[in-house]
Amino acid sequence: MNLTNFNTSEEFFVDMQRCIGCKACEMACAECETNGQQTLISVNYVDRVATIQTTVQVCMHCEDPVCANVCPADAISQDEFGIVHTASTERCIGCSNCVMACPFGVPKKVEEYDLMMKCNMCYDRTSVGKKPMCATVCPSGALFFGTREQIEEMRPNSTPINNFIFGKEKVKTKVNIMMPKGSTELRIY
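One gets my numbering by counting positions in the sequence shown from 1 and adding 8 to each.
Hints were generated in silico from the structure; no laboratory data involved. Hints are not guaranteed to be accurate.
Each computed PhoX-like pair below joins lysine-lysine, with the alpha-carbon atoms no more than 20 Å apart [unchecked claim]:
no., residue 1, residue 2
1, Lys31, Lys116
2, Lys139, Lys182
3, Lys138, Lys189
4, Lys180, Lys31
Since the structure is predicted, the reported quantities are computational estimates derived from the model, not experimental observations.
The whole structure should be built from the sequences, with the hints applied where relevant.
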């Protein structure tokens, strides 16, 4: 029996070029009681010396999450929907292996709790059919949670991709990044 109402037809999309640096996503995330009112999303400057351009950083929810693979305490789990959950408070030993291993630089060790924390795609909301908080408050559409058809209609000149190549390492994710039309992957050197 499925106890959740997770809508498998909806996906998370990030359009880095649309981020305006308002940090509404950070504030909305910090309002969540399930993460100790810590923000698990971050807005970063691309190159503060040269530009005011910002990007938003969320957990990419990798299909084969390296953060979970390197955890010696088996504290990080992935559910049947592909959501990679923040470390279990009962199991996390605060070693930071996951922090160092993530190719996207997402997990953070929160010293106050001696615990790794990261975005869990607002599982308390998405598991009951609601959208993640950050996507509901983003005024520029840099964060979107909906169907692939909706994003294709909204962004006809872009393609959502979830294949990343870090040197020789290939990573497939649940979260999509909007790229120029026809893109199939993002190579990071």
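List of violated hint numbers, smallest to largest | The structure breaks hints 3, 4; every other hint is satisfied.
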